[in-house]
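Kindly generate the complete structure, drawing on both the sequences and the hints.
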Amino acid sequence: MENSTLTKSSILLLTAAILLLFLFPDLSTPSPPPSPVNCTNGITNNCTVTNAYGMFPDRSTCHALKVVYPTSEQELLQFVANATASKTKMKVVTRFSHSIPKLSCPESGVTVKALIEATAEANLVIPYVPYWFGLTIGGLLSTGAHGSSLNGKGSAVHEYVTEMRLVTPAPADQNYATVKALKIGDPDLDATKVSLGVLGVISQVTLQLQPMFKRSLTFVTRNDSDLADQAVSFGYQHEFADLAWYPGQRKVLYRKDDRVPVNVSGNGAYDFIGFRPTATFAIQTYRFTEKIFETENDADGKCVYSQLITSTLAILAYGLTNNGLIFTGYPVIGYQNKMEAAGGCAFRSKDGLLTACPWDPRIKGSSFFHQTTVSIPLDRVKEFILDLQKLRDLQPAALCGLELYGGVLMRYAKSSSAYLGKEADVLDFDFTYYRQVED
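According to mature numbering (1 follows the signal peptide of the UniProt record, and there is no 0), the stretch in the sequence shown is residues -30 to -1, 1 to 409, in order.
Rather than coming from a laboratory, the hints here were simulated on the basis of the structure.
Careful, some of the hints might be misleading.
Within a straight-line C-alpha distance of at most 30 Å, the following computed DSS-like cross-link-like pairs (lysine-lysine) qualify [stated by the list, open to error]: (1) K61 to K150; (2) K360 to K334; (3) K36 to K59; (4) K334 to K320; (5) K261 to K334; (6) K123 to K153; (7) K308 to K123; (8) K334 to K226; (9) K123 to K352; (10) K36 to K320; (11) K36 to K123; (12) K261 to K352; (13) K59 to K123; (14) K153 to K61; (15) K221 to K150; (16) K320 to K61; (17) K59 to K150.
See the structure below:
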C-alpha cells in the first residue's frame, strides 16, 4: 500500500510540474489538426472520413469512393449536379470536423476565427459564438452550436442569420442541382438554419452583426450548496454568464461576464488554456496519469488529481490576460473579438507534432473522451441539480472524473423558431468524461 501511494504521489507531483510547464502561453509553432478525410489512392479516391477526435462514438468508419474540394459556389453546383445525375450518394465534411456524433457531416466554409477577424477589421462583431473558433459557420449552424446567454435572441449563432444560400439536388429539367436563396420571412429558413446537414450544402450565409464592444469578465469560485437556487437567476444577471460545476469538490466556478462600452479602459484577451497548443509529452503524461486511476478504479485518486488541475487553472486565470501577455487581476476587460472564443492549437504551421491540440488522434496517448449534453428547461433546472447533488452525496468521489475535463459546463440558450432549435429557454449541462481507446 505504501509503494502504491508513493507511486501515485510521484505521478501527481510530476504531472503538476508538467502542467505548470505546458499551461503557460506556448511560444512555439504547433501542429494543426489532421484532415478528417484520408485517401489511399492518390489524394481524392478511396477515402475514409472521421472527426477531429479520430473516432465516432460508435467506433465505426465512414468510407467514401471519392472526395472533391469545390472552391466556389459554381463549382459546388456542378459537383452536386454530377453526383445527382449519376445517383451517387453525397455527404459534406468540414475542414476539421469537430462534431462528435456521427449524425451528420456538416457543411464546410469559413471558420469562426476567420469571421471574427474579418468583422473586427470593420469594427463589427458577432455577438455570440461557441467558445471554440475552429468550427466552420456552415457546421455550427447545421448543428445548432451556441455560446452562453439569455440576452436578446440568445447565444445560438443561427438566431442571427438573415440570409442563406444552399446548393441542393434537383430534377433533370433543372440540370440536377439548384441554388436556393432564403431570407428572413421565408418559412424554409427555420428549417435550413439548423438542419443537421441533410437539406443541402450551405454556400453562403449572411449574419446580423453588431458594432464593436468590450467585455468585462471575472471568475468567482463558490460553494455549490446554493447552486440549485442560483443557477437560473445567475443567467439573467450577466449577459455572457456560464457555470463550471465541480461536484466532487462541491464548488462552482461562476463566470461574471458582461458587455461594457469601448471607451472603458482595458485590452485584455481570453486564450483558453485547453485550446492552446500543448506539448505532446504533457498531453501523454496527462492521459497516462488518468488511465492509471481508471485501471485501478481509484476514484479518490481522481479527486486529488482534479483538485490539482482546477487549482492550477485558477492560478493561471484560465488563460485570461489583462494586456495580451500577463494576468494582473480581475476584472479582465477586452474587445469582444479577443474575448469571445479561442482555438490557437488548430491554426498554426506544422512542427512535427512537438505540440498539438490535446485531443489530436495522431498522438498515441492523446486525450480521448465521451461527451454527453442534456438541455434542461429553466423551470426544471433546480430539481435537476438537486437530484444530481443527491446522487453525488451517495458516492462523493464518483463524479471527480468530470472535473478532469473542466467540470460540468453549464451554458444558457434561448428558445428558437428553428425547427431543430431549442424548444424552450434552457440550461445545457455538458458532461465530458474518460473514454477507453480500445473496447
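Now for the hints, and whether the structure bears them out:
Straight-line distance between C-alpha atoms of K61 and K150 comes to about 18 Å, which keeps the hinted pair within the 30 Å bound. A distance of roughly 38 Å separates the Cα atoms of K360 and K334; the hinted pair therefore is violated under the 30 Å criterion. The hinted pair formed by K36 and K59 meets the criterion: a straight-line CA distance of about 11 Å does not exceed 30 Å. At roughly 17 Å between alpha-carbon atoms, K334 and K320 fall within 30 Å of each other, so this suggested pair holds.
Between K261 and K334, the direct Cα distance comes to roughly 13 Å. Compliance with the 30 Å bound is thereby established for this hinted pair. Among the hinted pairs, K123 with K153 is consistent with the structure: their alpha-carbon atoms are about 17 Å apart, no more than 30 Å. Annotation: proposed proximity of K308 to K123 holds, straight-line Cα distance about 22 Å (limit 30 Å). With a C-alpha separation of about 38 Å, the suggested pair K334 and K226 falls outside the 30 Å cut-off, and the hint is violated.
A C-alpha spacing of about 23 Å is found between K123 and K352, which places the hinted pair at or below 30 Å, so the restraint holds. The suggested pairing of K36 with K320 holds, with an alpha-carbon distance near 26 Å, which does not exceed 30 Å. At most 30 Å may separate the alpha-carbon atoms for a hinted pair to count; K36 and K123 exceed this at roughly 40 Å. For the hint pairing K261 with K352, the CA-to-CA distance comes to about 34 Å; that exceeds 30 Å, so the pair is violated.
Simply put, K59 and K123 have alpha-carbon atoms about 36 Å apart, too far for the 30 Å limit, and the pair is violated. Proposed proximity of K153 and K61 is supported: the alpha carbons are some 25 Å apart, at most 30 Å. Between the alpha carbons of K221 and K150 the distance comes to roughly 49 Å, so the proposed pair goes past 30 Å and is violated. Proximity of K320 to K61 is assessed by CA-CA distance (about 28 Å); at most 30 Å being required, the pair is judged to hold.
For the proposed pair K59 and K150, the alpha carbon gap of about 20 Å is at most 30 Å, so the pair holds.
Violation of the numbered hints given earlier is confined to hints 2, 8, 11, 12, 13, 15; the remaining hints are satisfied by the structure.
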